[in-house]
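Listed below are the residues making up each chain.
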Amino acid sequence: MWERILTILRKEFRSVLRDPRMRLVILGLPVIQTLIFGYAVTLDVRHVRLAVVDHDGTPASRALVARFTGSAYFDALTHTQDDDAARRLVDSADASAILQINAGYEQNLRGGRTVPVQLLVDGADSNTARFVVNYAAQITAAANTEFVLEQVQRRTGRSVTTGRADLQPRAWFNADLESRNFYVPGIIAMLIMLVSLMLTSMAIVREKEAGTIEQIMVTPIRPVEFILGKCAPFAVIGFVNTAMVSAVALLWFHIPFRGSFALLLGGVALFLLSTLGIGLFISTVSRTQQQAMMTTFFFFFPAMLFSGFIFPIANMPVGFQWLSLVDPLRYMLVIIRGVFLKGVGFDVLWTQFAALLALGLGVMGFAVTRFHKTL
Amino acid sequence: MPAASTAEIVVEVQNLEKHFGAFKAVAGVSFAVRRGEIFGFLGPNGAGKSTTIRMLCGLLAPTAGSGRVAGFDIVRETEQIKTRIGYMSQKFSLYDELTVEENIDFYSGIYRLPREKKAARKDWVLTMAGLQAHRRTRTSTLSGGWKQRLALGCAVLHEPPILFLDEPTSGVDPISRRQFWDLIYTLSGQGVTVFVTTHYMEESEYCDRLGIVYRGELIASGTPRALKTEHMAEAVLELDCAQPNEAMAVLERLPEVKEVAVFGKGLHVVAADPAAAEPAIRAALAAGGFRLDRLERIVPTLEDVFVSLIEARDRTAGAQQEFSR
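Chain order of the listed sequences is A and B.
Using numbering that gives the first Met the number 0, you'd call the opening residue of the first sequence number 0 and step up by one each time.
Using numbering that gives the first Met the number 0, you'd call the opening residue of the second sequence number 0 and step up by one each time.
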């Protein structure tokens with residue numbers, strides 16, 4: 000049994016490493032993807048480009064504008080008196096918001112009246128718009144508080160102290176609330192899944208296309224020997240990828256790593272059981288490499304969306320939450336994020352390990368029974 | 000089938016069928032192959048040759064019928080069969096990205112050759128295929144003839160007593176084809192039973208015994224000589240004349256002539272009664288003004304037999320179809 004497995008394993012490594020495209024998929028792609036995703040996948044909203052339309056032009060109006068542009072959240076793209084020009088900037092997506100202050104702002108304010116200040120937000124990207132509105136509300140509230148205290152002081156002639164609640168937020172595991180710290184470990188899991196799925200399904204389907212599988216099927220090899228020999232190299236490649244991409248995450252992006260690397264590798268091992276099993280299953284239902292590729296992506300995108308990689312599972316409709324239970328990426332994300340950011344151990348993560356093991360055995364078992372030595 | 004031989008039968012099938020949906024790729028064939036024999040399966044593309052060979056190798060499960068290879072059942076004991084056969088598919092099926100030597104090592108690992116035998120078998124394959132100087136060459140860069148001999152070598156690494164070859168020489172030049180057949184004869188001489196499919200007429204002449212398959216059925220079998228003499232009730236006349244294409248149209252109208260076919264520069268005429276046909280042909284050609292250079296009765300070639308059998312089969316199939324309407 001071992002001789003045959005080793006024979007296939009050796010051949011598989013040779014085939015894969017001799018193919019320049021495959022070498023790129025295995026060695027180059029995960030690192031490049033991590034770098035790209037690490038920069039691109041971020042939900043942090045900073046430096047919102049703001050068009051300022053100040054029709055008042057008084058010290059009070061300029062002070063309000065300065066509060067906006069002085070914060071890290073807003074950059075003044077332009078100061079203009081022209082409403083239409085500002086609107087065109089939003090239309091062309093050069094500006095994300097317009098801050099408009101009407102004439103008489105200072106006068107009305109001093110007269111003790113509530114003065115409307117308009118913030119027009121490009122709502123096409125609802126997520127960014129919500130952040131912009133929240134930031135603007137915070138800035139305005141701070142300005143109001145200061146203004147009120149200043150007015151009271153001016154009228155009473157002495158400084159006033161008022162009691163107030165001071166909220167002290169402290170984010171655990173990710174003190175600066177860097178979304179990159181949350182997403183980069185997820186990207187590692189996602190890339191391992193993509194590479195192992197593709198390599199497995201393609202490697203077997205390529206043999207179908209070339210006709211070489213027919214020659215193997217007439218030998219007395221047992222299906223389990225063939226499958227183990229085929230999958231083992233891709234499991235090894237999966238581990239190598241984990242180490243490579245983790246190195247990029249730690250050394251380049253300085254993502255905190257607080258847990259145990261051994262535990263992470265254990266999680267990856269169980270995760271690979273599922274992804275290799277799915278890859279194997281895809282290879283049994285595909286005749287050509289194109290079909291295998293299509294089927295892989297047909298599985299991969301929902302698996303990514305249902306996993307909680309970007310969208311929290313708790314926000315999904317209940318049906319989809321149930322569906323996400325059969326998504327191996329869901330469990331792997333909890334493990335990898337837990338190990339990276341929270342530094343939690345097996346005592347916390349064992350349910351995720353158990354789920355991955357059950358899923359992996361089920362998928363692999365099913366794929367093996369689907370795999371026949373007949374054409 | 001001559002009953003003289005008492006050699007052991009190593010491949011036999013009864014009423015073997017394979018359907019793909021409504022299409023009957025193999026529609027009930029029965030035959031037997033004796034030990035050490037070279038048995039050819041001759042037929043046009045799509046006749047069911049490859050499907051039959053795949054069922055014998057345990058790659059496809061038959062829809063109906065039964066068979067035994069090396070004494071094992073082709074439905075239930077496929078894995079036992081697989082240790083005793085070598086198989087070469089019509090498509091080259093070694094790994095292009097591996098070297099010659101790596102391909103040989105791969106199959107000797109898969110067949111679990113004993114360690115002490117591996118080197119000897121590898122040398123044998125390299126010598127047999129003439130690839131000693133190319134052991135580290137990528138297989139993809141080998142010529143067709145070399146690839147085919149290497150594939151044969153890998154298929155017989157484990158010294159199987161039965162060898163299945165599915166159109167082994169398609170797409171190979173005539174010299175390589177001849178060399179390949181020399182190898183087959185060598186193996187056959189060592190007692191290996193060879194089952195080979197082909198659609199080359201001249202190649203089928205090399206076989207000890209032939210089965211002619213057409214549309215999933217075995218329509219005749221026997222030695223090439225027996226097929227040519229016994230399975231052709233009609234006589235074949237060969238003639239050389241001026242304007243053979245025009246002459247053919249004239250001859251086809253003669254009641255004494257059953258079929259006319261172009262053959263090389265001349266024509267082959269099939270006639271039930273050659274004694275009556277010969278004067279009729281001479282008269283018709285003379286009347287039409289065609290110069291006749293030669294007219295003689297010949298031993299039919301396998302191609303004549305093949306064409307005649309197939310046309311006879313099509314006639315009965317057509318008649319049945321009309322009847323069933």
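Bear in mind the hints are in silico, worked out from the structure with no lab data behind them.
Accuracy of the hints is not assured; some may be wrong.
Derived EDC-like pairs: lysine to aspartate or glutamate, alpha-carbon spacing no greater than 16 Å straight-line [stated by the list, open to error]: (1) B:K90 to A:E208; (2) B:K117 to A:E2; (3) B:K227 to B:E216; (4) B:K264 to B:E237; (5) A:K372 to B:D272; (6) B:K90 to A:E213.
Cβ-to-Cβ under 7 Å is the rule here; a few derived chain B residues that face chain A [claimed, not checked]: (7) K81; (8) Y86; (9) Y94; (10) F105; (11) V171.
Each residue gets a CB set at the ideal place from its N, CA and C atoms; glycine is no exception.
Task: chain A contact restraint for F105 (chain B) - C-beta distance below 7 Å - done: 5 Å, holds
Open item on the list: Holds or violated: K117 (chain B) and E2 (chain A), Cα atoms, limit 16 Å.
Closed with: Between K117 (chain B) and E2 (chain A) the Cα gap is close to 13 Å, so the pair holds against 16 Å.
Open item on the list: Holds or violated: the hint that Y86 (chain B) contacts chain A, with Cβ atoms closer than 7 Å.
Closed with: Holds, because the Cβ-Cβ distance from Y86 (chain B) to chain A comes to roughly 4 Å (cut-off 7 Å).
Open item on the list: Checking hints one by one. Is K81 (chain B) an interface residue toward chain A, by the C-beta closer than 7 Å rule?
Closed with: 4 Å, holds
Open item on the list: Need the status of pair K227 (chain B), E216 (chain B): alpha-carbon distance at most 16 Å?
Closed with: 19 Å, violated
Open item on the list: Holds or violated: K90 (chain B) and E208 (chain A), Cα atoms, limit 16 Å.
Closed with: At roughly 11 Å apart (the allowed maximum being 16 Å), E208 (chain A) and K90 (chain B) satisfy the hint.
Task: Agreement of K264 (chain B) and E237 (chain B) with the hint, judged by alpha carbon distance not exceeding 16 Å - done: Answer holds: K264 (chain B) to E237 (chain B) is near 10 Å, not above 16 Å.
Open item on the list: Check the hint pairing K372 (chain A) with D272 (chain B) against an upper bound of 16 Å on the C-alpha distance.
Closed with: Answer violated: K372 (chain A) to D272 (chain B) is near 54 Å, above 16 Å.
TODO: Double-check Y94 (chain B) for me: the hint is only fine if its C-beta lies closer than 7 Å to a C-beta in chain A.
DONE: 6 Å, holds
- [ ] With a cut-off of 7 Å on the beta carbons, see whether V171 (chain B) makes it to chain A.
- [x] 16 Å, violated
Task: Given pair status - E213 (chain A), K90 (chain B), alpha carbons within 16 Å - done: 10 Å, holds
Hints 3, 5, 11 from the list above are not met by this structure, while the remaining hints are.
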